[in-house]
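Could you put the whole structure together from the sequences, leaning on the hints where they help?
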Amino acid sequence: MSIWVREKAFYKSFFTLTVIIGLQNIITFGVNLSDNFLVGGYSESALSGVALANQIQFVLQMLVMGVGEGLVIMASRYWGAKDIPSIKKISSIGMRLSLLVGLIMWAVIFFFPQSVMSLFTNDQSVIHEGTKYVQIICFSYVFFAITNILLATLRSVETVKIGFILSSSTLIINICLNYLLIYGHLGFPRLGVQGSAIATLAARIIELMIICLYVKRFDRKLVLKLRDFYKVEGELFKQYLKIGSPILMSNFIWGIAMAMQTSILGHMGGASIAANSIATTLFGIVSVGIYASANATTVVIGKTIGKGSLDKIKAYAQTLQILYLIFGLCTGVILFILKDFVLDFYSISEEARALSLQFMIVLSITVCGTAYQMPALTGIVRAGGDTRFVLYNDSIFMWLIVLPASTLCAFVFNFSPLMVFICLKSDQILKCFVAIVKVNRFRWIRTFHSPSSEKDKKAVHVN
Numbered sequence: 004m005s006i007w008v009r010e011k012a013f014y015k016s017f018f019t020l021t022v023i024i025g026l027q028n029i030i031t032f033g034v035n036l037s038d039n040f041l042v043g044g045y046s047e048s049a050l051s052g053v054a055l056a057n058q059i060q061f062v063l064q065m066l067v068m069g070v071g072e073g074l075v076i077m078a079s080r081y082w083g084a085k086d087i088p089s090i091k092k093i094s095s096i097g098m099r100l101s102l103l104v105g106l107i108m109w110a111v112i113f114f115f116p117q118s119v120m121s122l123f124t125n126d127q128s129v130i131h132e133g134t135k136y137v138q139i140i141c142f143s144y145v146f147f148a149i150t151n152i153l154l155a156t157l158r159s160v161e162t163v164k165i166g167f168i169l170s171s172s173t174l175i176i177n178i179c180l181n182y183l184l185i186y187g188h189l190g191f192p193r194l195g196v197q198g199s200a201i202a203t204l205a206a207r208i209i210e211l212m213i214i215c216l217y218v219k220r221f222d223r224k225l226v227l228k229l230r231d232f233y234k235v236e237g238e239l240f241k242q243y244l245k246i247g248s249p250i251l252m253s254n255f256i257w258g259i260a261m262a263m264q265t266s267i268l269g270h271m272g273g274a275s276i277a278a279n280s281i282a283t284t285l286f287g288i289v290s291v292g293i294y295a296s297a298n299a300t301t302v303v304i305g306k307t308i309g310k311g312s313l314d315k316i317k318a319y320a321q322t323l324q325i326l327y328l329i330f331g332l333c334t335g336v337i338l339f340i341l342k343d344f345v346l347d348f349y350s351i352s353e354e355a356r357a358l359s360l361q362f363m364i365v366l367s368i369t370v371c372g373t374a375y376q377m378p379a380l381t382g383i384v385r386a387g388g389d390t391r392f393v394l395y396n397d398s399i400f401m402w403l404i405v406l407p408a409s410t411l412c413a414f415v416f417n418f419s420p421l422m423v424f425i426c427l428k429s430d431q432i433l434k435c436f437v438a439i440v441k442v443n444r445f446r447w448i449r450t451f452h453s454p455s456s457e458k459d460k461k462a463v464h465v466n
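Remember, our numbering sits 3 above the position in the sequence shown when you count from 1.
If you are wondering where the hints come from, they were derived from the structure by calculation, not from laboratory data.
Incorrect hints may have been included.
Claimed, not checked - Distance condition first, Cα-Cα at most 30 Å in a straight line; then the derived DSSO-like pairs of lysine-lysine:
{"no.": "1", "residue 1": "Lys-342", "residue 2": "Lys-241"}
{"no.": "2", "residue 1": "Lys-234", "residue 2": "Lys-91"}
{"no.": "3", "residue 1": "Lys-224", "residue 2": "Lys-164"}
Said to hold, decoys possible - What follows is a list of derived Cβ distance ranges for each label pair:
{"no.": "4", "residue 1": "Ile-399", "residue 2": "Cys-179", "range": "42 to 48 Å"}
{"no.": "5", "residue 1": "Ser-128", "residue 2": "Val-440", "range": "46 to 52 Å"}
{"no.": "6", "residue 1": "Arg-449", "residue 2": "Ile-107", "range": "28 to 34 Å"}
{"no.": "7", "residue 1": "Lys-317", "residue 2": "Phe-142", "range": "45 to 51 Å"}
{"no.": "8", "residue 1": "Lys-85", "residue 2": "Leu-411", "range": "50 to 56 Å"}
{"no.": "9", "residue 1": "Leu-332", "residue 2": "Lys-219", "range": "40 to 46 Å"}
{"no.": "10", "residue 1": "Arg-449", "residue 2": "Ile-399", "range": "20 to 26 Å"}
{"no.": "11", "residue 1": "Asp-347", "residue 2": "Ile-432", "range": "39 to 45 Å"}
{"no.": "12", "residue 1": "Leu-421", "residue 2": "Lys-224", "range": "31 to 37 Å"}
{"no.": "13", "residue 1": "Leu-122", "residue 2": "Leu-341", "range": "43 to 49 Å"}
{"no.": "14", "residue 1": "Leu-421", "residue 2": "Lys-228", "range": "53 to 59 Å"}
{"no.": "15", "residue 1": "Thr-19", "residue 2": "His-131", "range": "21 to 27 Å"}
Even glycine gets a Cβ: it sits at the ideal position worked out from N, Cα and C.
Encoded structure:
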């Protein structure tokens, strides 16, 4: 029996979604990369401060993405069943939760900026620069939350081109404003990291205006109206919580864990912070296809289950696993080739440069594991409805293995930053063994129906 699916529609759907979402992700990471390049040329302490501040943004991003992923898992099934009213109701639930997350994060950062920054490092110059940045950037959190829920809603019905257009406009605006405000070109004030924060905030406001205009004027699949976000159906909300809350919790602990990883390296010196920022930013750029494949998988698997075509799921999952491995190998090679070229754009110390090279070599190896296990678990398994497994798996690996071991390596055994970094990324390989077993047992398929659909009004079946 062939491991390859022989359906053109499957490949067309998967690769179209992957390519467009990947391009969007490239542009999104390009915004961070432009911040790193331009701020990195300003000073190393500014680069480190912005890098640590972006860990807060990463926690917000993981939470909003968690809300969005739960939305996409449910809405893509309703899209397969052509149940548009339920998609609108799920979008309303996601919007309310995402707004709550954005407001809470804004309040914490706005009122306690120095306290939050001091969690990551003891370097006062880094804390000073980071505090100036977060006091402005925190106002973008609510705009970011609204935009990403609208994009997730559109993605669930296979509308993804607008995401690429949106990210492109954000990148152009951000780069132009960064150039003007960080260094004070063309008569603008020289604001340093504050200029970078203002540029990003302006870009977030403009991208929200664009997505709202698109939804109002051009979308014909959902025809969302403002009044649609006033409606919340109790039974559907309970269903969302059952499916989405493990994803939200998983993303939250993952975001916190990533911040703690940065904190561990941050307490090992400014060079470690800068090296980690450079390495992980480049990693984010070249690994966009991996994360896009996970998003595409969620829509493809969810839509297939929503149509009731459960007989196709096994073949789809087997083919997808091979594609993930190919993506991983290609990404590792690209990362290894680009590592020296990228460093020429940074004004950093020799120590930070050497560490950056070492970190990128490690990532070029571990990315093969990331490329397989991440989309297999967060794409296939989650889309199948078994959302709790990823939560349990991430919790065990991150909180019982990686973080304790890395803390011991850094602060008890006094290992080098390189050894600590290897320890921090070891779970990307270890999780592969779990993913292989979990995915290929095919016990992750859960069925659920919309409480508002006529055929299921009398009984909601959730396995």
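Cross-check of the supplied hints:
1. Lys-342 <-> Lys-241: Distance ~47 Å between Lys-342 and Lys-241 Cα, so the pair is violated.
2. Lys-234 <-> Lys-91: holds, 9 Å
3. Lys-224 <-> Lys-164: holds, 14 Å
4. Ile-399 <-> Cys-179: 42 to 48 Å: With Cβ atoms ~45 Å apart, the hint holds.
5. Ser-128 <-> Val-440: 46 to 52 Å: holds, 48 Å
6. Arg-449 <-> Ile-107: 28 to 34 Å: Hint holds: Cβ distance 30 Å, inside 28 to 34 Å.
7. Lys-317 <-> Phe-142: 45 to 51 Å: holds, 48 Å
8. Lys-85 <-> Leu-411: 50 to 56 Å: Given range 50 to 56 Å: holds, Cβ gap about 54 Å.
9. Leu-332 <-> Lys-219: 40 to 46 Å: holds, 43 Å
10. Arg-449 <-> Ile-399: 20 to 26 Å: holds, 21 Å
11. Asp-347 <-> Ile-432: 39 to 45 Å: Roughly 30 Å apart at Cβ, these two residues miss the hinted range, so it is violated.
12. Leu-421 <-> Lys-224: 31 to 37 Å: violated, 49 Å
13. Leu-122 <-> Leu-341: 43 to 49 Å: violated, 32 Å
14. Leu-421 <-> Lys-228: 53 to 59 Å: Given a distance of about 54 Å, which is inside 53 to 59 Å, the answer is holds.
15. Thr-19 <-> His-131: 21 to 27 Å: violated, 46 Å
In summary, the structure is inconsistent with hints 1, 11, 12, 13 and 15 from the numbered list given earlier, while agreeing with the others.
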